[in-house]
Structures are given as structure tokens and as C-alpha cells.
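Listed here are the chains, written in short residue letters.
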Amino acid sequence: MAGRTKLLGSFAEAVAGIPDGSSIGFGGFAMPGTPFNLIKALLDQGARRLTLVANTTGGAQQPRMPDIGMLVEQGRVAKVICAFTAATRPTDVLPFTQYYESGDVEAELVPQGTLAERLRAAGAGIPAFYTPTAVGTELAEGRETRVIDGRAYLLEYALKLDYAFIRARFADAFGNLRFHRSQRNFGPVMATAARVTIAEIDEPVLRAGGIDPDDVHTPGIYVHRLVQVPPPPEGLWPSRRQEKRR
Amino acid sequence: MAGRTKLLGSFAEAVAGIPDGSSIGFGGFAMPGTPFNLIKALLDQGARRLTLVANTTGGAQQPRMPDIGMLVEQGRVAKVICAFTAATRPTDVLPFTQYYESGDVEAELVPQGTLAERLRAAGAGIPAFYTPTAVGTELAEGRETRVIDGRAYLLEYALKLDYAFIRARFADAFGNLRFHRSQRNFGPVMATAARVTIAEIDEPVLRAGGIDPDDVHTPGIYVHRLVQVPPPPEGLWPSRRQEKRR
Amino acid sequence: MSGTRGLTRQQMADRVAREFQDGWIVNLGVGIPTLCSNTDIGGRDITYHSENGIIGYGGVAAEGEEDLNLVNAGGQNVTLKPGAAVVHHADSFGVIRGGRIDATVMGAYQVSMTGDFANWKLNGQRGGGIGGAMDLAACAKRVFIILEHVTRDGGPRLVTACDLPVTARGVVTLVATNYGLFEPMGSGFRLLEIAPGLTVDEVRTATGGTLAVASGLRETEAG
Amino acid sequence: MSGTRGLTRQQMADRVAREFQDGWIVNLGVGIPTLCSNTDIGGRDITYHSENGIIGYGGVAAEGEEDLNLVNAGGQNVTLKPGAAVVHHADSFGVIRGGRIDATVMGAYQVSMTGDFANWKLNGQRGGGIGGAMDLAACAKRVFIILEHVTRDGGPRLVTACDLPVTARGVVTLVATNYGLFEPMGSGFRLLEIAPGLTVDEVRTATGGTLAVASGLRETEAG
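Residue numbers (the numbering used here), protein chains in the order written: chain A, 1 to 246; chain B, 1 to 246; chain C, 1 to 223; chain D, 1 to 223.
Think of the hints as simulated: they come from the structure by calculation, not from any bench. It cannot be assumed that every hint is accurate.
Claimed, not checked - The calculated DSS-like cross-link candidates involving lysine-lysine, where the alpha carbons are at most 30 Å apart (straight line), are:
id : chain 1 : residue 1 : chain 2 : residue 2
1  : A       : Lys79     : A       : Lys160
2  : A       : Lys79     : A       : Lys40
3  : D       : Lys141    : A       : Lys160
4  : B       : Lys40     : B       : Lys79
5  : A       : Lys160    : A       : Lys40
6  : B       : Lys160    : B       : Lys40
7  : B       : Lys40     : A       : Lys160
8  : B       : Lys160    : C       : Lys141
9  : B       : Lys160    : B       : Lys79
Note that this is a predicted model, so its numbers are computed, not measured.
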């Protein structure tokens with residue numbers, strides 16, 4: 001394990017070779033954990049007919065950061081699987097909403113916990129499971145339900161990914177990751193669900209073993225490519241050092 | 001959260017009030033993570049008609065430590081749910097095996113990964129899930145299977161516990177836990193599956209917040225009673241200090 | 001008739017927060033529910049859970065003191081209380097579905113007398129914003145809803161049956177509006193408390209379905 | 001005819017270990033499979049996974065240097081390699097069921113020519129010892145079995161069909177015995193390599209079902 005490194009020199013290199021038709025999951029909940037630098041590189045990379053999996057398509061904040069809604073705007077997206085096609089507050093407008101509402105792109109709207117669990121199931125080799133969430137709602141219409149111990153549950157299927165794009169605070173050369181606070185969110189489950197996980201890292205990548213085995217949040221066996229986020233303005237979104245300077 | 005402590009003064013106090021008919025899960029894989037001190041207290045406590053959930057019933061090592069097979073020998077067990085009713089090597093003999101083979105006690109033999117996942121499902125509010133494990137074996141006879149994407153899977157149900165007995169290295173007063181190395185094993189999933197989790201702790205219990213939020217393995221919301229393991233010979237099984245002295 | 005009569009947003013949040021019991025684990029939704037964490041409820045220890053895996057967050061961080069990688073479900077930079085823990089998203093919804101949330105507080109467009117509520121999609125919309133609402137609604141021990149009593153054009157939000165797509169059915173425990181505190185009873189709503197300055201008749205007129213009045217009706221403390 | 005002819009236990013393990021490719025994640029079962037980690041396979045980097053959640057363990061700890069809370073699936077006190085990580089039991093079997101294990105090596109009582117194998121229960125037993133074997137067997141990319149070629153009374157362990165309860169069906173990739181290296185082909189076994197000192201006829205006599213011999217049959221290096 002010590003003999004190899006997964007560290008690459010650029011974000012362009014990290015997203016190279018992603019073919020048309022790929023499914024890609026994106027970590028992130030609000031700003032923390034969002035792989036802005038990888039998204040920016042993917043915007044330049046050109047792959048088309050993508051299936052995107054994320055909590056939301058982003059773009060609510062000003063100034064606008066690179067977000068996966070921009071891939072939709074570029075006409076490169078076949079489908080989005082997410083927990084929001086519109087913002088929680090009707091007064092907030094996501095750029096993606098107009099594309100979806102006008103029928104320009106397909107979307108599958110999934111409750112957030114079901115989305116997380118479908119990704120976790122994919123990573124854990126569970127092809128399907130039952131959940132109480134969304135029973136009795138429009139999302140359950142025509143779907144298989146089952147009564148267990150007197151309560152109705154909905155059947156949900158694992159959601160596998162070709163790629164996961166995530167952001168973490170620390171990595172070692174073997175790919176072990178640690179997240180900082182709510183940066184963690186979808187990162188660990190996305191990583192297990194994907195064939196190939198690409199992580200952008202806040203801090204310089206450590207030697208293999210630089211993270212204590214008890215402190216690893218995502219094991220390196222799930223992580224394939226690492227890129228360190230450079231200082232701003234080249235690197236997007238503040239590193240810890242900047243946070244403290246604000 | 002800072003205002004309360006879950007720390008109790010004795011193992012007897014920690015297992016007090018467990019009623020007849022309870023289901024109790026026990027962490028541990030080989031020696032690490034096995035709550036020997038809580039098991040010893042339960043042996044004295046007297047509750048009957050118990051359902052025990054564990055990887056194995058123990059008792060393979062010499063000298064014999066307190067193990068849940070002893071509860072069976074005391075006639076206090078209705079059923080054991082485990083991954084081994086006999087040792088892997090036919091030449092090793094578990095004390096429990098004779099009780100099971102002679103029909104003195106019921107057992108449900110579950111593949112280890114299915115056992116862990118059924119506990120995890122109970123904790124995560126998933127009432128049932130499909131798994132590829134055990135398809136085509138004796139364990140699948142008469143059971144519901146389902147073909148998903150061309151592969152057969154077995155339906156498995158969540159396994160809820162009334163109590164979990166686990167052992168960890170560190171705890172804070174709110175009940176947040178950290179395990180050391182392979183001590184972790186079933187501990188975190190047992191804790192989420194149980195209504196009441198009781199943990200024996202190697203090291204002195206820290207103030208609430210004494211474990212960094214990013215370093216918590218089991219959140220304190222899942223942990224209800226803590227007891228510190230005293231030094232040997234009163235406390236069973238070595239603490240970290242002894243390990244280094246050996 | 002406007003939504004600004006009776007209790008303020010903070011007063012509605014205060015009323016709900018006073019229901020929280022010592023030791024509870026509570027999830028606060030975006031908007032008015034967030035204000036519950038401002039309420040002084042004495043020495044009661046509440047553990048606030050956020051969908052993104054924060055268990056035990058505290059108040060909003062002071063300006064200049066934010067950890068930008070620490071947000072609650074509304075995206076606010078919050079602080080952590082001693083004893084806090086962070087888990088990933090699947091484990092965080094494991095907390096929810098596993099039945100560990102004593103109360104979830106959410107906003108809504110409508111609540112029905114059978115305890116259904118709607119808060120993720122407007123009629124005519126193709127999609128919507130579900131987020132964690134369906135998980136929380138289906139699995140929390142108690143679902144508390146805070147909403148303005150009437151729509152902008154004066155129509156009721158407490159209705160016989162939701163005409164918007166529901167978030168969950170039969171789950172609402174308690175409803176706080178600017179007009180008072182209500183319980184869905186199946187066959188109607190029960191008015192538990194009334195906001196200062198309103199009459200029962202006014203409340204009844206502005207409420208869909210039957211309104212029963214609790215014996216010994218009290219005024220909501222507007223503190 | 002005894003099980004001690006041909007390869008030793010370590011030589012069988014060596015033969016299987018030489019199949020491991022650089023970067024593989026490998027799970028070693030209790031008994032002979034454990035010996036695979038002793039084999040020198042040059043610079044190839046193998047990550048050893050253990051059911052109890054250890055990803056990346058190394059050799060057995062030197063006496064006096066043991067961490068008593070660090071064991072492999074066989075209960076041995078092992079060491080950790082740089083880059084190791086620890087996960088809990090459900091996540092550990094997530095690694096297995098998720099298809100991340102490139103090879104699992106297990107002992108067995110019987111292997112059939114259709115790739116079934118049996119290793120958890122003897123006939124006449126009420127229960128048995130499953131442990132993680134069924135999960136590994138069903139989900140690893142490759143299932144390598146190591147076993148003595150014949151039973152104590154000389155009967156075959158490579159059989160047409162298992163008469164013991166199986167662990168999984170149709171999963172065995174490769175079988176190493178003291179007599180040689182075999183592949184279950186459905187209609188029979190293919191002898192890929194033969195142990196020094198044995199003849200094909202001897203192997204055939206001691207094997208259940210049909211035995212095909214690979215073209216250019218080689219002797220197993222007994223190094």
C-alpha cells in the first residue's frame with residue numbers, strides 16, 4: 001500500500017477519460033463537501049449524455065460557483081437524480097428549475113434519506129430495501145409497497161455510480177480520507193457507490209498511513225484519484241486557512 | 001448535553017432492571033470488543049427467557065472468560081441468534097455446541113454479514129432488505145427470494161434489540177464512543193439497533209465534548225449507560241496499559 | 001385578512017419550542033422552525049440534529065468565527081455544543097428513520113384535519129423540493145408544523161384534505177399558526193390555544209374543516 | 001492414501017498466493033489460507049481485508065508487541081500496514097458484498113465440479129460455523145479454495161456434487177490441493193498443475209467426477 005500514490009497533478013487529469021453516458025455522483029450539502037474544482041474541470045471536459053446524482057443541482061448562492069446545473073445548461077445531461085428540482089422556499093430560484101419545469105431535461109426526484117440510502121445500498125451490495133419514507137405520497141404512486149409488522153414500506157433500489165466526485169479535508173497517498181465537520185455529508189456513501197471515486201483535497205496529501213486507521217472516514221480502497229486544491233484564486237472555495245482569516 | 005452524565009458506578013447497576021424476555025446483543029469478535037464485565041454482571045443479574053444476539057457464543061479460549069454460553073448453561077436463554085453454533089474447525093469445541101446439538105436451546109444461524117446488516121437495518125429504520133448471501137444454500141430453503149437484474153437475492157429482516165452490551169476504548173459523558181482497532185466490530189451497529197445501549201469503557205470517561213465531533217465512532221444519542229472497566233483483577237481483560245506491559 | 005395578525009414568526013417558534021422536553025433530539029426545518037433554537041426553555045437540554053449529519057449543533061456562529069464547513073440544514077454556519085458528533089448522510093438518515101428524532105419542526109403549505117401535510121410541491125409544478133422532509137415526516141416521533149394560518153389571499157391552510165401533493169399522511173402531532181395552537185383530530189382540528197387578540201369565531205372562519213375548542217381554552221403566551 | 005502426499009500446507013498456500021495481482025484486495029480465511037500472507041510474491045502490493053473491519057493488515061505481531069485489540073478473522077494478533085483503515089462490521093461486509101474483494105481464499109470440506117463448495121456444516125450436525133464464509137463466497141470476485149485432496153479415509157473431496165450442505169453454488173474459481181491445482185469446469189475438473197511426485201492417474205483416481213488435463217500440464221513449483 002505504501003508504494004503507490006493516487007495523487008494527480010491537475011483537475012483536468014482527474015476527470016480525463018470520463019466517457020459519454022457516465023453516471024456521476026457529487027458530494028456536497030450547501031457549500032461544504034461540494035467538489036467545485038472537479039465540477040469546473042468537468043464543465044471543460046466535454047462528456048455528454050450524463051446522469052448526475054446529487055442532493056441538489058446548486059446555483060442558489062451569489063456569486064454563482066461552478067455547479068452541475070451548468071452541465072444541464074450546456075445540454076450535456078440526460079437525467080438528474082436529486083432531492084430538489086426546486087428550492088425549499090418558492091421564492092428562491094434554482095437555475096436548474098426552469099430547465100426541468102420546461103421539460104428540457106429528465107429528473108428523478110428522491111427523498112434525501114432515500115437518496116443517501118440507495119447510494120449506501122449500492123456500495124454495500126444490497127440491491128434493494130424497504131423504507132417508510134414517501135409512503136402515501138405522489139412518489140409512491142404505481143410503486144411496489146409491502147406491509148411489514150403492520151406498517152407499509154416502499155421498495156427502493158440501489159443506485160450505483162460510475163464516478164463519484166467528492167471533497168475532503170485530508171487524504172493519504174493510499175486514498176484514505178477524512179472530512180471536516182459537515183463536509184462529510186454524502187462523500188462517504190458516494191465513494192462506496194462508485195466504481196471510480198475522485199476526491200479533491202483541502203490539505204497537502206499525506207504519506208500512506210498519515211491518517212491513523214481509527215480516524216479514517218472513507219477507506220482508501222474506495223478512492224482512486226486525488227487532487228489537492230491549490231490556494232485561491234486558482235483553487236475554488238476557501239481552505240481552512242482562509243476560513244480563519246475571514 | 002454538557003449537563004448530564006451517563007456514567008454509572010458499577011456493572012451491577014448498569015444491568016439492573018433488564019427484564020425477563022429481553023433481547024440483548026453483544027459486541028465482540030474474538031476477544032476485542034467483547035463486554036466481558038457486563039456479561040459477568042448479567043450472569044449474576046438473573047433475567048430469564050433471553051434472546052441473545054452475537055457473532056458467537058464464545059468460550060473457545062482457555063482459561064474461559066465469562067461468555068454468553070454460560071447464560072445458556074444456566075438455563076436462562078430462549079434463543080441465540082449468531083453466525084456460529086459450532087467453531088469453524090470441527091476440532092475446536094464451543095461449550096454452546098452441545099446444548100444446541102442436543103436441542104436444549106433454540107438457535108438461528110445467520111451469515112455474519114447478514115447478521116451485521118440486519119442489525120444495521122434495525123438501527124437505520126430499514127425493515128427489510130435483499131442480499132446475495134446464502135442464496136442456494138440450506139439457509140435459503142423455504143425463504144423468499146427475488147431476482148433483481150438477473151441475480152437472485154434473499155429477503156432479510158431487520159433485527160432489533162432491547163439492549164446492546166458493547167465495549168469501547170473512550171467515551172465522553174454524553175456517551176460518544178471511540179473504539180480501538182478491531183474492538184470496533186459489531187459495537188456501532190449493535191448500538192444503533194438497541195433501545196438501550198450499555199457500554200464498558202477501557203479509559204476514564206471524558207467530559208462531554210472530550211472527543212472531537214469528527215472522531216466519534218458511535219454518537220452519544222445511541223448510548224445510555226457507561227461503566228469504566230476497573231484495573232485487573234477486578235476488571236476483566238487487559239486495558240491498553242497492560243497490553244504494552246505484556 | 002392577512003397573515004400578520006396574532007403571533008409573530010418568533011412567537012410561533014417559541015410556542016413550539018416550549019413543547020420540547022429535556023433530553024429530546026430535535027430536527028428543525030428551514031425557515032420559521034429554525035427560530036425555535038432562539039427560544040429560552042430554561043435548563044432543558046436539547047440535541048439538535050441536522051440532515052447533513054450534525055448531531056448536537058448550537059447557535060449561529062458569530063461573524064468572523066464561522067467554520068465554513070459547518071452548516072445546518074438551512075445552510076447557516078452554526079456552532080457545535082460539547083458532545084456533538086458528525087456522521088455521514090446515510091447514517092444521519094439512519095438516525096431519522098431509526099426513530100431517534102423526538103420531534104421534527106417543519107413549515108408547510110397545508111395541514112389536513114387527518115394529520116396529512118404538504119410542503120414540497122405546488123400545484124402545476126413538475127418537480128419540487130423534497131429534501132429530507134419526507135423522511136422526517138414519516139419517521140420522527142412527533143411532527144410539529146408551523147405555518148401562517150391563511151394564504152396571501154385569505155384562504156385556509158388548515159384544511160379538510162390537502163389539495164397539494166402531501167409530504168406524509170396522518171403524521172402531524174401539533175400545528176402552531178399565528179392564530180393559535182391546533183391538533184389534527186381526524187374529524188376536525190382542536191383549538192388548544194388561541195393567539196392574543198383573536199376570537200374563536202375569527203379562527204373558525206379562517207380554518208377549513210371542523211374546529212373543536214379545547215375545554216379551558218387558554219391564550220398562547222406571546223412572551 | 002493419506003493427505004500428506006504432494007504439497008505441504010504452506011506450499012498449497014504459496015501456490016494460491018502466486019495468483020494474487022498487484023493492487024488486489026484479498027480476504028484470507030482461517031487455517032491454511034492464512035499462510036498465503038507468508039508467501040513472497042515480489043513487489044506486489046496486496047491489501048488484506050478481515051471480516052472484523054480491518055482493511056490493510058500485515059503479518060502476525062511479534063511476541064510482546066501485540067495490540068490485543070487488533071486481530072484478524074482467525075483471532076491472531078496482527079500488525080497494520082501503512083494506509084490501513086478500520087471500519088465497523090456492517091461496513092466491512094459492505095466491502096465484501098459491494099464486490100471490492102478481488103479474491104477470497106477459504107478452506108473447505110468439499111468442492112464440486114460445478115463450482116459449489118461446502119465448508120460450514122457436517123452431515124448430522126444441527127448447526128455449524130458459517131461466520132463470513134457465505135458472504136465472501138457469494139460476493140468476492142474470485143473464490144480460491146485450499147483443501148487436502150482426500151479425506152482421512154481416502155475419499156475424494158473434489159466431487160461431482162457436494163453431499164454436505166453448500167456454502168455457495170457455482171462460485172469456485174480455482175482449487176489448490178496437495179495434489180495440484182484445479183479448475184471446476186461444470187462437467188468436470190481441469191487439472192492445471194500437478195504436485196511433484198504424483199501422476200495424473202493417481203490424481204484421477206483420487207478425484208470425484210471427470211478430470212481433464214490441461215494441455216502442457218506443468219508441475220507446481222514447490223519452492
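Going down the list of hints, with the structure as the test:
1. A:Lys79 <-> A:Lys160: Status holds; Cα separation ~14 Å.
2. A:Lys79 <-> A:Lys40: 19 Å, holds
3. D:Lys141 <-> A:Lys160: 18 Å, holds
4. B:Lys40 <-> B:Lys79: Distance ~19 Å between B:Lys40 and B:Lys79 Cα, so the pair holds.
5. A:Lys160 <-> A:Lys40: 23 Å, holds
6. B:Lys160 <-> B:Lys40: 23 Å, holds
7. B:Lys40 <-> A:Lys160: 45 Å, violated
8. B:Lys160 <-> C:Lys141: 17 Å, holds
9. B:Lys160 <-> B:Lys79: Cα-Cα ~14 Å, so holds.
Against the hints set out earlier in the document, a violation occurs for number 7 only.
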